[in-house]
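Asks: Line by line, the protein sequences are chains X and R.
Position 95 of the first sequence, counting from 1, maps to 95 under the working numbering, and the rest follow consecutively.
Position in the second sequence (from 1) plus 1000 gives the number in the working numbering.
Just so you know, the hints here were simulated from the structure itself, not pulled from any lab data.
One thing to keep in mind: the hints can contain errors.
Here are a few chain R residues that sit away from chain X, every Cβ distance over 10 Å (derived from the structure) [said to hold, decoys possible]:
#1 G1143
#2 L1162
#3 F1176
#4 I1183
#5 S1204
#6 E1252
#7 N1273
#8 P1274
#9 P1309
#10 K1344
#11 K1404
Below, in silico cross-link-like pairs of lysine-lysine (DSSO-like), each with a Cα-Cα straight-line distance of 27 Å or less [what the hints assert, rightly or not]:
#12 R:K1116 to R:K1166
#13 X:K28 to R:K1314
#14 R:K1344 to X:K28
#15 R:K1359 to X:K28
#16 R:K1353 to X:K2
#17 X:K2 to R:K1359
#18 X:K81 to R:K1353
#19 X:K28 to R:K1357
#20 R:K1377 to R:K1404
#21 R:K1353 to X:K28
#22 X:K81 to R:K1359
#23 X:K2 to R:K1357
#24 X:K81 to R:K1357
#25 R:K1381 to R:K1344
Covered stretches of chain R (chain X as the covering partner; in silico rule of three or more C-beta atoms under 8 Å from a C-beta of chain X) [stated by the list, open to error]:
#26 1317 to 1323
#27 1353 to 1365
Think of the CB as a built atom: it goes at the ideal place given N, C-alpha and C, for glycine as much as any other residue.
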Amino acid sequence: MKEFMMLFRHEPNPNYQPSPEEIQASIKQWQDWIGSIAAQGKFVSTNQLGEEGKTVKPGNVVTDGPYAELKEIVGGYIIVKAANIEEAVALTEGCPMFEYGGHVEVRNVMQIDV
Amino acid sequence: MGYSISMEKSTLIPHLFRTEYSKIVAVLCNKYGYAFLEEAEDIVSDTFLKASSAWISGNPPNPAAWLYKVAQNKALDMFRRKKIFQEKVSPYIKEQSALPQDIDFSEEEILDSQLKMMFVLCNNELPPEAQISLALKILGGFGIEEIAHAFLTSKDTINKRLYRAKQKISSHPPDFELKSPQIQQGIESVLRIIYLLFNEGYFSFSQTQAIRQELCREALRLGLLLTQNPLTNLPQVNALVALMCYHASRLEARAQSLNETTDFEEGHTQPSNPELVQKGDEYMNRAAHGRVLSKYHLEAAIAYWHTQPESEEKWERILQLYNLLLQVEYSPMIALNRTYALAKARSVDQAIKEALKIKLENNHLYFSLLAKLYESKSLKKSIEYLQKGLKLAKNEHDRVYYQKRINALKKEGS
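One chain only, chain X, in its complex shape (with noise of 0.2 Å):
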């Protein structure tokens, strides 16, 4: 089994203000999702990213907002185990990024021996 990483990104909408149950019903869609992932042996770690960010360019030049040039943003990562990479693409099956308008980057995790 290799590691892969998702990379879940999306565009932010400054607009969109979610309820409470809203905030929630999302949460649930994640969860089983990665609870889908899990069940199959296939989880390593994930994380959520905030909206605080900033970027530093070198010159210690910091500019605000974690999107360098582009206008989407990740929201956050999850790594999984699969055999090869088509495995990992297919555990995106039901991703709830997808429904938010967002997308899924797939990328191999590289096994630096040090």
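Chain X is fixed; fit chain R onto it per the hints.
Replies: What follows is chain R alone, placed relative to chain X:
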């Protein structure tokens, strides 16, 4: 000490053995070091031997104090034979000049000694089955035969296991102190051993009900011991105690429905002991402190919801807790239970889809789950899955269960 003097000698000594054996061994080792473990056990066994002949004419007014005194004298006698003292004890005690005449058997000293002993025995350098056997023998005062019985193995195997483990402790006596950093480091493996001990009693059907209850009771007692010292009274400790209380509340109900583990539906019988449920709630509240969300918190919360009557919320909560638990620790059983909860909280169709993804095809419980999920969809498929489960079942008990289910479904279908 509150032991009633009217207690018959024939029951008093075994009773004291259970409670006092571990205390005296722990106190002796706390004082003279863990290299002294083997000798400490011998001293306490000799002490009980002496009691059984000395008390024939009547029990002493304070039997526990009598045992402490005799054990202390035996220890000091032993030290007169210098070899043991020089080799094993002298390097351990700091002020060598003062060979203390009086050993402190105060309640506080006993508790601290027992806690230290728990950390010393539940040591990850020993194999888990050695840790459990040591815990039963030294902390629980279980006999070799009882331990062998509990693990369905021979006395010889247990003796060897204990011998090797004690050799290891003796040759590298740990220098454990009841202080926060050391506790933080060791608590995980202490809890794991208590948890395994409890599960051994709770989930095994190959033992008698009496042994199972003894194992569960001992695990619970060890958990409660940890809650008595502020340093070890940690949230995850309370969570484990809550988990054990909730499970224990269903021990009797489980004994009546013999297929709880195999049959996913039967696994949710109502508790038979409301008092233990209440105790569980109490420890659950105490566990809800700090930032630690251990697997024991999650499992205790699941067990809590299982004590609750059926409702939509119940299964939604259980599903979400299983989702989290799987992220902390994967096990096939958790994956299967999560899938069953999905069927209850969402739909059977969704659960079937997920079940087919988890592919635990060498686990008979996987097929038991699929059979259960297909019951309302296709009797034919359900029977097929039960037949697969039957082929993989590991013991007679489960085989009988599958055969019964198959017969019942065939009858239903005809």
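Asks: It remains to establish, for every hint, whether it holds in the given structure.
Replies: Hints, verified against the model:
1. G1143: For R:G1143, whose nearest Cβ neighbour in chain X is about 40 Å away, the distance exceeds 10 Å, so it holds.
2. L1162: holds, 35 Å
3. F1176: R:F1176 is indeed farther than 10 Å from all Cβ atoms of chain X, at 32 Å.
4. I1183: holds, 27 Å
5. S1204: holds, 25 Å
6. E1252: Given that every Cβ of chain X is farther than 10 Å from that of R:E1252, nearest at about 31 Å, it holds.
7. N1273: Given a closest Cβ separation of 31 Å, the condition holds.
8. P1274: Label holds. Min Cβ-Cβ 31 Å, cutoff 10 Å.
9. P1309: At about 22 Å from chain X, R:P1309 clears the 10 Å cut-off, so the statement holds.
10. K1344: holds, 13 Å
11. K1404: holds, 28 Å
12. R:K1116 to R:K1166: Distance ~16 Å between R:K1116 and R:K1166 Cα, so the pair holds.
13. X:K28 to R:K1314: Holds - the C-alpha atoms of R:K1314 and X:K28 are around 14 Å apart, at most 27 Å.
14. R:K1344 to X:K28: holds, 15 Å
15. R:K1359 to X:K28: holds, 24 Å
16. R:K1353 to X:K2: Measuring from Cα to Cα gives roughly 24 Å; hence the hint holds.
17. X:K2 to R:K1359: holds, 19 Å
18. X:K81 to R:K1353: holds, 20 Å
19. X:K28 to R:K1357: Roughly 20 Å between the alpha carbons, so the hint for X:K28 and R:K1357 holds.
20. R:K1377 to R:K1404: This hinted pair holds, its Cα atoms lying about 20 Å apart.
21. R:K1353 to X:K28: holds, 18 Å
22. X:K81 to R:K1359: holds, 15 Å
23. X:K2 to R:K1357: holds, 18 Å
24. X:K81 to R:K1357: holds, 14 Å
25. R:K1381 to R:K1344: holds, 20 Å
26. 1317 to 1323: holds (count 4)
27. 1353 to 1365: holds (count 4)
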